[in-house]
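*Asks:* Our numbering puts the first residue of the sequence shown at 1, with every later residue one more than the last.
I should point out that these hints are in silico values taken from the structure, not numbers from a laboratory.
Don't take each hint at face value.
Label pairs and their in silico Cβ distance ranges [to be verified]: (1) L546 x N487: 30 to 36 Å; (2) V73 x T377: 42 to 48 Å; (3) Q11 x G202: 16 to 22 Å.
Once the Cα atoms are required to be at most 20 Å apart in a straight line, the calculated DMTMM-like pairs of lysine to aspartate or glutamate come out as [to be verified]: (4) K355 x D235; (5) K80 x D92; (6) K154 x D235; (7) K529 x E493.
Glycine residues also receive a C-beta, built at the ideal position from the N, C-alpha and C atoms.
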Amino acid sequence: MKYKADAITMQVIRYGLEAVADDMGYNLMRMGRTTIVKEIMDINCGVLNADGGILAQAHLCPLMIFSLPETAVNMIQQVKKFNDGDIIICNDPYLGGQHLLDVQLFSPVVIGKKLVAFVANIAHQLDMGGAVPGGVAGGLTEIYQEGLRIPFVKLYQRGKEDTQIFNLISNNIRFPEKTMEDIRAQAATTMIGVARIKAMVGKYGLDVFRKCASMLSDYSEKKIRSFIASVPDGDYTGIDYLDDDGIVDTPVKVQVNVHIKGDGMKVDFQGSSPQTKGNINCPWSCTKGGVFYTMVGIVDPYMALNSGTFNPIEVSCPKGLVTNPLPPAGVTARSQTMTKIVEAMIRAMSNVVPKKIVAGSHGQACTNNFSGIDPETKKRFSYIEIQGGGGGARPDKDGPDGQDLHLGRFMNTPVEAAELEYPVMIERYEFIEDSGGAGKYRGGVSTRRDIRFFTDVTWGRYSDRQKFRPLGIFGGKDGSMSSLVLNPGTTMEKKCRSKGVGQIKSGDLLSIRLPGSGGYGPPEERDLKAVRQDVINHKISIQSALKNYKVILDKNLNIDEQATESLRFKCRENLK
Numbered sequence: 001m002k003y004k005a006d007a008i009t010m011q012v013i014r015y016g017l018e019a020v021a022d023d024m025g026y027n028l029m030r031m032g033r034t035t036i037v038k039e040i041m042d043i044n045c046g047v048l049n050a051d052g053g054i055l056a057q058a059h060l061c062p063l064m065i066f067s068l069p070e071t072a073v074n075m076i077q078q079v080k081k082f083n084d085g086d087i088i089i090c091n092d093p094y095l096g097g098q099h100l101l102d103v104q105l106f107s108p109v110v111i112g113k114k115l116v117a118f119v120a121n122i123a124h125q126l127d128m129g130g131a132v133p134g135g136v137a138g139g140l141t142e143i144y145q146e147g148l149r150i151p152f153v154k155l156y157q158r159g160k161e162d163t164q165i166f167n168l169i170s171n172n173i174r175f176p177e178k179t180m181e182d183i184r185a186q187a188a189t190t191m192i193g194v195a196r197i198k199a200m201v202g203k204y205g206l207d208v209f210r211k212c213a214s215m216l217s218d219y220s221e222k223k224i225r226s227f228i229a230s231v232p233d234g235d236y237t238g239i240d241y242l243d244d245d246g247i248v249d250t251p252v253k254v255q256v257n258v259h260i261k262g263d264g265m266k267v268d269f270q271g272s273s274p275q276t277k278g279n280i281n282c283p284w285s286c287t288k289g290g291v292f293y294t295m296v297g298i299v300d301p302y303m304a305l306n307s308g309t310f311n312p313i314e315v316s317c318p319k320g321l322v323t324n325p326l327p328p329a330g331v332t333a334r335s336q337t338m339t340k341i342v343e344a345m346i347r348a349m350s351n352v353v354p355k356k357i358v359a360g361s362h363g364q365a366c367t368n369n370f371s372g373i374d375p376e377t378k379k380r381f382s383y384i385e386i387q388g389g390g391g392g393a394r395p396d397k398d399g400p401d402g403q404d405l406h407l408g409r410f411m412n413t414p415v416e417a418a419e420l421e422y423p424v425m426i427e428r429y430e431f432i433e434d435s436g437g438a439g440k441y442r443g444g445v446s447t448r449r450d451i452r453f454f455t456d457v458t459w460g461r462y463s464d465r466q467k468f469r470p471l472g473i474f475g476g477k478d479g480s481m482s483s484l485v486l487n488p489g490t491t492m493e494k495k496c497r498s499k500g501v502g503q504i505k506s507g508d509l510l511s512i513r514l515p516g517s518g519g520y521g522p523p524e525e526r527d528l529k530a531v532r533q534d535v536i537n538h539k540i541s542i543q544s545a546l547k548n549y550k551v552i553l554d555k556n557l558n559i560d561e562q563a564t565e566s567l568r569f570k571c572r573e574n575l576k
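Given the sequences, and given the hints that come with them, work out the whole structure.
*Replies:* As structure tokens, then:
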């Protein structure tokens, strides 16, 4: 059958490309050896064109939305010859990557002698060496402390492992038996992707494949441009703050300036803080990814995501700011800044498209790594935890409860998986009452996870929102802040900073308490039955129902409608 490049074939190829990326991702998850890959799914996969532009990306971690194409463009400039069966590895944040733990693999699709495309993936590895086991640590001062920094090298040449490169990596990391198998799983998924793309090109023909890919890029670009043209021209600014950089105890400012004119948008970061001594600095690909993620969410989360999506949006930033650091600035905790870019971007757009944005989310990435010796196996282990907080309330519904950060969308580590693999007990895992900001639509409530340790561990972590609450919007109230509490309710209770490295003794209990999120709209406009149901479900307290929502409940949690309406009427009169 002969195919032609038309709108129908374009859409068939679109979903075919997305299926290839998704299949790569879920195969990687199934082959993964570590909980960060197989449970949390801190991974993504994509298909790129021969110039490094994105054709399709898996429906996995959007935090990595722009690293693959940004890195690919740099790779093409440095690696001059691509052979069938080659797999190139790189994890350098200053070449387009995230942080050193996020390892990227690229494999060319070569048909005949023509370079047709690339398939690629990125996965958070258990350890890449550096000063702290597991690499998850705030408070480091330069990238050299953060681990092994790999430039573009061929991990596989014409389908064969380069044992020297494998040995070099293995000799510089703490858990080679698991990490190298995860990297091999990444390699295997690129091989799957190459075979699938070759089959697709074989079916439709190279000419039709390329024309449809170009049509798809134009289709996405037109969608974004049409949306931008529909909103008022103007200059809009949003600001958010990080608690600190993990070393200097002063807030770090992230300012996003949006300039809309016609069907184009310019975004800059003038007014943001200079790059910091601590490692919260955000590499350039991550900064752009935060902007693009936000706009895709506003325009259409289900749209075809490719390089055409980004063409109408020009992003700029002077070098040397926290949103575009110069080497050798540390970047491991860059997700803290990346989330603030999203929050500030949403605030900038809130008065432009109020029905398309959400209130402030927990807006940080609570990432913890615990490393020690398992008392039963006598082997060293590294255990990573990424927890979810409250999602911002929406224009027509409550915020999601216990949701990961905007950009991550990670799964949690199941209690059973954690206790099976590591010397820990999860004693408590629950929603935190009254953590979601009050509003016509309530902010999502956050989570609390208490972990008991049965061996001494080194605890590396980075998180945020211990000083700045997630903001409510259009009359909604702010969400709660976070805390990390060691041995709560005992004489040894200690509140810990959001970023750093420390020690936890065998028998200690760590309570990880995430921030909530902001509410949307005035709380006194919330549906009475919804307030009552939240009280029954322990998402809000009776006291909050009265104070914030002006809802009066009796001892049986029934609504006193007459008294409630009278109270709400008085509040409305007082506001006049």
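*Asks:* Would you mind marking each hint as holding or not holding in the structure?
*Replies:* These are the hints, each one checked on the structure:
{"no.": "1", "hint": "L546 x N487: 30 to 36 Å", "in the structure": "34 Å, holds"}
{"no.": "2", "hint": "V73 x T377: 42 to 48 Å", "in the structure": "44 Å, holds"}
{"no.": "3", "hint": "Q11 x G202: 16 to 22 Å", "in the structure": "20 Å, holds"}
{"no.": "4", "hint": "K355 x D235", "in the structure": "19 Å, holds"}
{"no.": "5", "hint": "K80 x D92", "in the structure": "19 Å, holds"}
{"no.": "6", "hint": "K154 x D235", "in the structure": "45 Å, violated"}
{"no.": "7", "hint": "K529 x E493", "in the structure": "39 Å, violated"}
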